[in-house]
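**Student:** Spelled out from the first residue to the last, the chains are:
There are 2 protein chains.
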Amino acid sequence: MVSLDDLKALAVRTQTKIVLLVIDGVGGLPRSTDGMTELEAARTPHLDALASRGNLGLADPVAPGITPGSGPGHLGLFGYDPLTYRIGRGVLEAVGIDLELSERDLAARGNFCSVDAAGLITDRRAGRIPTETCARLTPLLEKIQIPGVQLIVRPVREHRFVVLFRGDGLEEGLSETDPQQVGKLPLAVQAAAANAERAAGIVNRFVAETKRALSEEHPANMILLRGFSKYPNLPKLTDVYGLRAAVIAVYPMYRGLAKLVGMQGVQTGDSAADQIATLESAFGDFDFFFVHVKKTDSAGEDGNFDKKVSVIEEVDTLIPRLLALKPDVLVVTGDHSTPATFKAHSWHPVPVLLLSKWCRPDGAPRFSERECRNGSIGHLRAAELMPLIMGHAERLAKFGA
Amino acid sequence: MVSLDDLKALAVRTQTKIVLLVIDGVGGLPRSTDGMTELEAARTPHLDALASRGNLGLADPVAPGITPGSGPGHLGLFGYDPLTYRIGRGVLEAVGIDLELSERDLAARGNFCSVDAAGLITDRRAGRIPTETCARLTPLLEKIQIPGVQLIVRPVREHRFVVLFRGDGLEEGLSETDPQQVGKLPLAVQAAAANAERAAGIVNRFVAETKRALSEEHPANMILLRGFSKYPNLPKLTDVYGLRAAVIAVYPMYRGLAKLVGMQGVQTGDSAADQIATLESAFGDFDFFFVHVKKTDSAGEDGNFDKKVSVIEEVDTLIPRLLALKPDVLVVTGDHSTPATFKAHSWHPVPVLLLSKWCRPDGAPRFSERECRNGSIGHLRAAELMPLIMGHAERLAKFGA
Chain D
115 MVSLDDLKAL AVRTQTKIVL LVIDGVGGLP RSTDGMTELE AARTPHLDAL ASRGNLGLAD
175 PVAPGITPGS GPGHLGLFGY DPLTYRIGRG VLEAVGIDLE LSERDLAARG NFCSVDAAGL
235 ITDRRAGRIP TETCARLTPL LEKIQIPGVQ LIVRPVREHR FVVLFRGDGL EEGLSETDPQ
295 QVGKLPLAVQ AAAANAERAA GIVNRFVAET KRALSEEHPA NMILLRGFSK YPNLPKLTDV
355 YGLRAAVIAV YPMYRGLAKL VGMQGVQTGD SAADQIATLE SAFGDFDFFF VHVKKTDSAG
415 EDGNFDKKVS VIEEVDTLIP RLLALKPDVL VVTGDHSTPA TFKAHSWHPV PVLLLSKWCR
475 PDGAPRFSER ECRNGSIGHL RAAELMPLIM GHAERLAKFG A
Chain S
115 MVSLDDLKAL AVRTQTKIVL LVIDGVGGLP RSTDGMTELE AARTPHLDAL ASRGNLGLAD
175 PVAPGITPGS GPGHLGLFGY DPLTYRIGRG VLEAVGIDLE LSERDLAARG NFCSVDAAGL
235 ITDRRAGRIP TETCARLTPL LEKIQIPGVQ LIVRPVREHR FVVLFRGDGL EEGLSETDPQ
295 QVGKLPLAVQ AAAANAERAA GIVNRFVAET KRALSEEHPA NMILLRGFSK YPNLPKLTDV
355 YGLRAAVIAV YPMYRGLAKL VGMQGVQTGD SAADQIATLE SAFGDFDFFF VHVKKTDSAG
415 EDGNFDKKVS VIEEVDTLIP RLLALKPDVL VVTGDHSTPA TFKAHSWHPV PVLLLSKWCR
475 PDGAPRFSER ECRNGSIGHL RAAELMPLIM GHAERLAKFG A
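Protein chains in written order, with the numbering used here: chain D, 115 to 515; chain S, 115 to 515.
If you're looking for bench data, these hints aren't it; they were derived computationally from the structure.
Each residue gets a CB set at the ideal place from its N, CA and C atoms; glycine is no exception.
Hints are not guaranteed to be accurate.
Unchecked claim - Using 20 Å as the maximum straight-line C-alpha spacing, the simulated SDA-like pairs for lysine to any residue come out as follows:
1) LYS512/D x ARG340/S
2) LYS512/D x GLY417/S
3) LYS344/S x ALA515/D
4) LYS512/D x ALA458/S
5) LYS122/D x ARG203/S
6) LYS122/D x ARG200/S
7) LYS457/S x VAL126/D
8) LYS512/D x SER412/S
9) LYS325/S x ARG340/S
10) LYS471/D x GLY149/S
11) LYS512/D x GLU415/S
12) LYS512/D x LEU197/S
13) LYS457/S x THR128/D
14) LYS373/S x ALA515/D
15) LYS325/S x ILE266/S
16) LYS471/D x ASN418/S
17) LYS471/D x PHE456/S
18) LYS512/D x ARG200/S
19) LYS325/D x THR236/D
20) LYS471/D x GLY417/S
21) LYS512/D x ASP416/S
22) LYS471/D x GLU415/S
23) LYS471/D x ARG145/S
24) LYS471/D x PRO144/S
25) LYS457/S x ALA515/D
What the hints assert, rightly or not - Taking CB as the label site, the calculated pair distances span:
26) GLY183/D x LEU299/S: 52 to 62 Å
27) LEU299/S x GLY383/D: 55 to 65 Å
28) SER117/S x GLU217/D: 35 to 45 Å
29) ALA123/S x ALA123/D: 26 to 36 Å
30) ALA307/D x ALA123/S: 35 to 45 Å
31) ASN488/D x ARG167/S: 20 to 30 Å
32) LEU439/D x SER146/S: 15 to 25 Å
33) GLY283/S x ILE260/D: 53 to 63 Å
34) TYR365/S x LEU197/D: 39 to 49 Å
35) ALA123/S x LEU234/D: 58 to 68 Å
36) TYR365/S x GLN129/D: 30 to 40 Å
37) ASP416/D x ASN488/S: 32 to 42 Å
38) ALA249/D x ASN488/S: 53 to 63 Å
If we strip away everything but chain D, and leave its shape as in the complex, we get (with noise of 0.2 Å):
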C-alpha cells in the first residue's frame, strides 16, 4: 500500500470537490425467497445509472475474512490501513459520546458495578443501572482530585461510562481492572513498560478514590476500567492531501471518527434528506465530504431485510440531488456488510462505485455486489480506495520521472 509520507509528498492542491457517501453495512448476503442481496432487492434507478456510467468494485475493510468494527471500517475508507492505525477502546467510546480528545488524554471505558464488603464482585455490570443512575454517579467520579491530571467522566449509557485522564506523561500499555469473573477482587492496573508507570499510578489512585466515592451507592458501588487509550495521533487529511474536509453524520461516533482525521464536523439533521440539505448548504466551503447513513447497518443488524432495502431505496432517491451539486469525484460504499440474514457486521467484501469524468465506464446495470465483482477498480483493500479517489480528483502528481 502507498505510504502517507508518499501521498503526502504526491499530493497538490486543485479546485476539485469529492463526495464519499457512506452508506453504512450496505453489503449483504441473499434472501432465501429469491436470492437477492438487499442492494438487488432495491430499485435504485439512480445508483444503476451511476453503476453504468462509473467504475465498480469490491472492497475488503481489512483484509479477506476480517469482520471490522465502526473503527477500522471507516479508517480504511478514510485511507488509514486499519491493521497499522489503531484505534483503542477507550477513545471509541469517548468519540462516541463527541467528547472533544486532546493529545494529552489517556481514555477508558468503565463499567460501574457491585462488591460486596470484602471488596469482591458480585455483579460486573451493577445490574445495568438505567442510564439516569449513571449520570448521577459519573460527577462523583469527576470531583476526585489527582494532582496534575483533570478528570473527565462522562455516562455512555447504562452501567457504561468514560474517564478520560487529561495531563501530561499519560501513556498507554495498561492492563484492564476487570477479572471478567464475579467473586473476584478488581485486578489493580500494571504498566506494560517503563512508560506506562506513571499512568498506572494514577489510574490505581483513581480507583482507590472511586472506591471511597462509591461506598454509599448501591448496587453501583465500585468501577472496572479497560481498554485504556491514547488519543491516536493519525496524519489529518489537511496534512496528508491538503483537503478541507467535512463529516456530514447524524451519529456522534461516525463524526468523532472523521475528527480524528482532521475533518470538520458539521450540524446537520436527523435524515438523509437533511444530511444531503446539509451537503447543499455546506457545498462551497470544503473539498471533500464524507456522508454518513446509518440506518442500513441497523436494519441489518436487527434482520430486517426490508427496512434495509427501504433504506437503500431512499438512498438512491437522494442521488439526483447530489449529482446537482457536480462534484468531481463520487464514490458510493459501505464501511462493512451488515447483510441482514447475519444480523452482524460481517467480513464480506463491500460494493463500490466511484464516478468521475476520467473513468472508463463499466457500463454495469446495476449498482450491486454481483456487478461490483466485474468492475474495473477490481478487488482491493478499503484503505486503497482514498489514492484512487485523489487520482481521479487529478490531486496527485506524477511518481516518479
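Starting from the known structure of chain D, arrange chain S on it as the hints suggest.
**Tutor:** Just chain S now, kept in the frame of chain D:
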C-alpha cells in the same frame, strides 16, 4: 509481492524465449463521439486473435490512483516494485541521454540560470538558452578540478544538463540548490545525514567554481542543481532469473532504464518495423526481449487520439512477424496509460495480454481495456507480472516441497 530473493531462489534456466512488447502509454479513455478508447477504436485483428488464445488482465503500474513517471512505470514491468525501488531524477536524466552510470556516480539534474551582480537569481532558466549554447558551456564545467572526483557534465536540452560526480563515498541525500524563486541566492547544498557530508562539500565546491567559470557568460552565468541521486544498485535480471535480457528501444531513456536492471542494449532503427527486424536478428542471442514502442505515448500526450490509434494499428501489423519467431511467452502491455483525452500520463490500469502454450484461453473477442477487466490475469500490480511471465516460461521451480 514475492521478493526478488525468493524469485532468485526459484529461478531455473531453460531454453524458453520471452518477448515483452511495451506499447508506451497504451491505456486510454473513451472518446466522446462513440465511447471507444484508443485500443477499442483501433483495428487490431492480430492482437485480437491473441486475446482469444491468451490471457488478459489489468495492471496498476504502481498502485491504484498513482500516476507513474517513465521510471516507475518500467521498473514495475521489469518486476521491481516501484514503491521499493526508486530512481532519482538525476539518474533518470543521465540514462535519458545514454550516459553509462557506475556505482561510484552521484548524478544531478542541472539548469543554467541567470544571476545579477549580487548573485541573486534573475531567471531560473537563463532565458531557455539554445541547446547549442548549453553544449558549449558544459565543457567549461567539466574542466573544473576537484581532487578525487571526476566530473562528467553533459547537455540535455535548452538550459538543462546532467552532472555526474564520480568518486568514492559520494552518497545521496542532498538538498537542492534551487530556491524555486527569483530574487534569491542559490542555496548551499545540505546533507540530510552524516554519510552525505562529503558529497555536500564537493557539490558546494563545484557550484562555487562554476560561478567563477561562468562569470563572463550571459545570460547563463550560474547553475542550479537538484535530484541528486546515486546509481540505483538494482538486482539484475541476470542475477535474479538467470536471464540474458535485451532492450530494443529507440529512445535512450528506455534503454537506460533497461540497462539499470541488467539488460543489454541492441542497436535498432527508428520505426517499430525496424525494432521487429532487430528482434528477428537478435532472437538467437538472448532469452528475454523488451521491445519499447514510444509513439503511442507521444500521441497521447499531444491529445492526438487518431495518431495513437494508428500507431497501435501499425504495431498490430507487426504481430505476425513476432509470432513467427515462436516466443514461448509473449506479453503485450503498457508502462502506464496516456489517454489522448487526458493528454498526460494517468493512473488508469494498463491492459495486459499474455500468451503462452500454458494459458487457459480467455476467449476474449478483442484486446481492449474493457475485455481486460474480465480476463483471467485479474487486476494486479505491474510488478507481479514478471513472476507470472517466468511461470509461463517454465523458469520457476516449485516453491516449497
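**Student:** None of the hints should be skipped; say for each whether it holds.
**Tutor:** Hints, one by one, checked against the model:
no.: 1; hint: LYS512/D x ARG340/S; result: holds (17 Å)
no.: 2; hint: LYS512/D x GLY417/S; result: holds (18 Å)
no.: 3; hint: LYS344/S x ALA515/D; result: holds (15 Å)
no.: 4; hint: LYS512/D x ALA458/S; result: holds (10 Å)
no.: 5; hint: LYS122/D x ARG203/S; result: holds (19 Å)
no.: 6; hint: LYS122/D x ARG200/S; result: holds (17 Å)
no.: 7; hint: LYS457/S x VAL126/D; result: holds (18 Å)
no.: 8; hint: LYS512/D x SER412/S; result: holds (17 Å)
no.: 9; hint: LYS325/S x ARG340/S; result: holds (16 Å)
no.: 10; hint: LYS471/D x GLY149/S; result: holds (12 Å)
no.: 11; hint: LYS512/D x GLU415/S; result: holds (14 Å)
no.: 12; hint: LYS512/D x LEU197/S; result: holds (13 Å)
no.: 13; hint: LYS457/S x THR128/D; result: holds (18 Å)
no.: 14; hint: LYS373/S x ALA515/D; result: holds (17 Å)
no.: 15; hint: LYS325/S x ILE266/S; result: holds (17 Å)
no.: 16; hint: LYS471/D x ASN418/S; result: holds (19 Å)
no.: 17; hint: LYS471/D x PHE456/S; result: holds (10 Å)
no.: 18; hint: LYS512/D x ARG200/S; result: holds (13 Å)
no.: 19; hint: LYS325/D x THR236/D; result: holds (15 Å)
no.: 20; hint: LYS471/D x GLY417/S; result: holds (16 Å)
no.: 21; hint: LYS512/D x ASP416/S; result: holds (17 Å)
no.: 22; hint: LYS471/D x GLU415/S; result: holds (18 Å)
no.: 23; hint: LYS471/D x ARG145/S; result: holds (12 Å)
no.: 24; hint: LYS471/D x PRO144/S; result: holds (10 Å)
no.: 25; hint: LYS457/S x ALA515/D; result: holds (16 Å)
no.: 26; hint: GLY183/D x LEU299/S: 52 to 62 Å; result: holds (55 Å)
no.: 27; hint: LEU299/S x GLY383/D: 55 to 65 Å; result: holds (57 Å)
no.: 28; hint: SER117/S x GLU217/D: 35 to 45 Å; result: holds (38 Å)
no.: 29; hint: ALA123/S x ALA123/D: 26 to 36 Å; result: holds (34 Å)
no.: 30; hint: ALA307/D x ALA123/S: 35 to 45 Å; result: holds (38 Å)
no.: 31; hint: ASN488/D x ARG167/S: 20 to 30 Å; result: holds (22 Å)
no.: 32; hint: LEU439/D x SER146/S: 15 to 25 Å; result: holds (23 Å)
no.: 33; hint: GLY283/S x ILE260/D: 53 to 63 Å; result: holds (56 Å)
no.: 34; hint: TYR365/S x LEU197/D: 39 to 49 Å; result: holds (41 Å)
no.: 35; hint: ALA123/S x LEU234/D: 58 to 68 Å; result: holds (60 Å)
no.: 36; hint: TYR365/S x GLN129/D: 30 to 40 Å; result: holds (35 Å)
no.: 37; hint: ASP416/D x ASN488/S: 32 to 42 Å; result: holds (37 Å)
no.: 38; hint: ALA249/D x ASN488/S: 53 to 63 Å; result: holds (57 Å)
In summary, the structure agrees with every hint in the numbered list given earlier.
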